[in-house]
Amino acid sequence: MKTLISSALLLSSLFIATPSLACDDHKLEVSGSYVREMPPASKNTAAYMQLKNTTDKPLKLLEVQSDIAKKIELHNIVNVDGVLKMQPQPYIEIAANDTLTLKPGGYHVMIMGVKKQLKQGEDVKMTLKFEGGMTKDLTAPVKSIVPKSAKAGHSGT
Amino acid sequence: MKYKSYAILLVILILIILSGRNPTEPTTTNSSLAPDKTAPNFTLQSNQGPVSLTDFQGKGVILFFGYTNCPDVCPTGLSTLTQALKQLPKATQQQLQPIFITLDPTVDTPSRLSEYLQYFHPNFIGLSSNQHTLQQVTQDYHVIYKRQPQSNSEFDFIQHTAYFYLISPTGNLSQYLPHQSSITSLKKALSMLVKTKQKELI
Ligand SMILES: [Cu+2]
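Residue numbers (the working numbering), protein chains in the order written: chain Y, 3 to 159; chain P, 2 to 203.
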């Protein structure tokens with residue numbers, strides 16, 4: 003009887019432990035994420051978002067995974083004597099209790115060799131992987147950066 | 002003694018590197034690109050045949066160099082330009098001609114460019130040519146660019162300078178703005194550009 007209870011306890015603790023390890027929502031908050039809609043003829047795009055680290059230790063984003071593209075990398079754009087260079091980053095660090103914004107012209111999630119042209123209104127599922135094994139699942143809307151009058155904007159009504 | 006000669010060598014090396022550095026802005030080294038001088042002419046291919054800069058005398062021209070696979074810089078710049086244009090009065094818009102010249106001619110055919118640019122604005126013209134001709138044009142406009150090879154060549158990128166070159170209705174290079182310019186400052190510059198028409202004709 004005693005072993006049965008303890009094994010039941012062990013089992014339930016396993017169940018509780020697993021999800022909190024996979025998705026530490028309280029450690030990192032993602033907001034404003036989107037994937038840029040792709041103009042026809044292009045096969046690359048990028049994802050942008052705000053990453054808020056609510057812990058008092060720096061967090062390192064190591065990788066982003068999604069099955070929409072052949073290859074996904076973390077990049078930064080640096081201006082070297084007026085020439086804009088994309089630099090692959092081994093990781094993107096979010097300082098303790100700080101927010102990092104991934105935006106055009108700066109840090110971004112580079113999505114290369116997209117299998118199907120992404121259109122506004124669609125969603126892209128991706129998983130962010132952090133140092134220490136923490137992961138974060140995310141659904142980012144595809145957004146156009148070109149204003150289409152009266153079409154799907156928020157100024158419509 | 003040995004260290005001293007190393008130090009001298011190092012200084013010489015640094016000087017060589019510095020002298021070869023590219024200017025931050027496209028005008029600084031070549032007087033032919035200075036504002037108020039005639040913008041260098043070119044003849045390149047659009048999907049509707051050859052196009053020269055001189056075809057647009059009487060209009061303000063916005064020149065932009067880039068490539069369709071550009072993942073961030075070009076779409077951002079083109080989006081800003083589109084929004085600036087759309088916010089201008091119709092009459093002003095009709096006096097402006099945006100032109101995009103590719104830095105990746107092997108991929109960007111005139112028809113591909115046209116398809117890509119239509120997404121942003123129906124008035125955009127996309128131009129391509131052979132490597133040799135484009136080399137000349139980019140040199141004339143002091144565009145610095147370089148293929149940035151990736152581990153898989155399918156994903157090569159091109160590093161490049163990104164400016165809007167504003168050419169007046171009389172064909173003078175009026176000014177150039179960084180691609181990260183705000184919609185507001187671009188809008189202001191564009192309406193100024195068209196206004197120079199009256200001034201220059203008086
Ligand atoms: Cu990138």
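Errors might be hidden in some of the hints.
Stated by the list, open to error - Sample of chain Y residues lacking proximity to chain P, with all beta carbon distances greater than 12 Å (derived): (1) His-28; (2) Ala-48; (3) Thr-57; (4) Leu-64; (5) Lys-73; (6) Asn-99; (7) His-110.
Stated by the list, open to error - Pairs of lysine-lysine, PhoX-like flavour, derived with a Cα cap of 20 Å: (8) Y:Lys-131 to Y:Lys-59; (9) P:Lys-87 to Y:Lys-145; (10) P:Lys-60 to Y:Lys-87; (11) Y:Lys-29 to Y:Lys-72; (12) Y:Lys-150 to P:Lys-188; (13) P:Lys-38 to P:Lys-147; (14) P:Lys-147 to P:Lys-60; (15) Y:Lys-105 to Y:Lys-145; (16) Y:Lys-29 to Y:Lys-73; (17) Y:Lys-150 to P:Lys-60; (18) Y:Lys-121 to Y:Lys-72; (19) Y:Lys-62 to Y:Lys-29; (20) P:Lys-196 to Y:Lys-150; (21) Y:Lys-127 to Y:Lys-145; (22) Y:Lys-54 to Y:Lys-72.
Stated by the list, open to error - Which residues of chain P face chain Y? A partial, calculated answer using Cβ under 10 Å: (23) Thr-55; (24) Asp-56; (25) Pro-76; (26) Lys-87.
Read the hints as simulated data drawn from the structure, not as lab findings. The beta-carbon is built from N, C-alpha and C at its ideal position, and this holds for glycine as well.
Comparing the hints with the structure gives:
1. Every CB of chain P is more than 12 Å from the CB of Y:His-28 (nearest about 32 Å), matching its label as outside the interface.
2. The non-interface label for Y:Ala-48 is inconsistent with chain P: the shortest C-beta to C-beta separation is roughly 5 Å, within 12 Å.
3. Listed as a non-interface residue, Y:Thr-57 keeps its Cβ farther than 12 Å from every Cβ of chain P; the least gap is roughly 29 Å.
4. Annotated as non-interface, Y:Leu-64 keeps its C-beta farther than 12 Å from every C-beta of chain P; the closest such distance is 18 Å.
5. The non-interface label for Y:Lys-73 is inconsistent with chain P: the shortest C-beta to C-beta separation is roughly 6 Å, within 12 Å.
6. With a least beta-carbon separation of about 28 Å from chain P, Y:Asn-99 lies farther than 12 Å from that chain, consistent with its non-interface assignment.
7. Separation of Y:His-110 from chain P is inadequate, the least Cβ-Cβ distance of about 6 Å not exceeding the 12 Å criterion.
8. Taken as a hint, the Y:Lys-131 and Y:Lys-59 pair is honoured in the structure, with Cα atoms around 16 Å apart against an allowance of 20 Å.
9. At roughly 19 Å between alpha-carbon atoms, P:Lys-87 and Y:Lys-145 fall within 20 Å of each other, so this suggested pair holds.
10. In summary, the hint linking P:Lys-60 to Y:Lys-87 is not supported, as the alpha carbons are separated by about 33 Å, beyond the 20 Å threshold.
11. Between Y:Lys-29 and Y:Lys-72, the direct Cα distance comes to roughly 29 Å. Violation of the 20 Å bound is thereby established for this hinted pair.
12. Proximity of Y:Lys-150 to P:Lys-188 is assessed by CA-CA distance (about 18 Å); at most 20 Å being required, the pair is judged to hold.
13. Of the pairs offered as hints, the one joining P:Lys-38 and P:Lys-147 is violated, with about 27 Å between alpha carbons and a cut-off of 20 Å exceeded.
14. At roughly 31 Å between alpha-carbon atoms, P:Lys-147 and P:Lys-60 are farther apart than 20 Å, so this suggested pair is violated.
15. For the suggested pair Y:Lys-105 and Y:Lys-145, the alpha carbons sit about 13 Å apart, so the restraint of at most 20 Å is met.
16. For the given pair, Y:Lys-29 sits about 27 Å from Y:Lys-73 by alpha-carbon distance, which is inconsistent with the 20 Å threshold.
17. In summary, the hint linking Y:Lys-150 to P:Lys-60 is not supported, as the alpha carbons are separated by about 26 Å, beyond the 20 Å threshold.
18. Of the pairs offered as hints, the one joining Y:Lys-121 and Y:Lys-72 holds, with about 18 Å between alpha carbons and a cut-off of 20 Å not exceeded.
19. Proposed proximity of Y:Lys-62 and Y:Lys-29 is supported: the alpha carbons are some 12 Å apart, at most 20 Å.
20. With a C-alpha separation of about 28 Å, the suggested pair P:Lys-196 and Y:Lys-150 falls outside the 20 Å cut-off, and the hint is violated.
21. Taken as a hint, the Y:Lys-127 and Y:Lys-145 pair is honoured in the structure, with Cα atoms around 14 Å apart against an allowance of 20 Å.
22. The suggested pairing of Y:Lys-54 with Y:Lys-72 is violated, with an alpha-carbon distance near 28 Å, which exceeds 20 Å.
23. The beta carbon of P:Thr-55 is not positioned within 10 Å of any beta carbon in chain Y (closest approach about 28 Å), and the interface hint is therefore violated.
24. Proximity of P:Asp-56 to chain Y is violated relative to the hint, the smallest CB-CB distance being about 25 Å (cut-off 10 Å).
25. Look at P:Pro-76: its Cβ gets to within about 6 Å of chain Y, closer than 10 Å, so that hint holds up.
26. For P:Lys-87, the shortest C-beta to C-beta distance to chain Y is roughly 7 Å, which falls under 10 Å, so the interface hint holds.
Violated hints, listed in ascending order, are 2, 5, 7, 10, 11, 13, 14, 16, 17, 20, 22, 23 and 24; each of the other numbered hints is respected by the structure.
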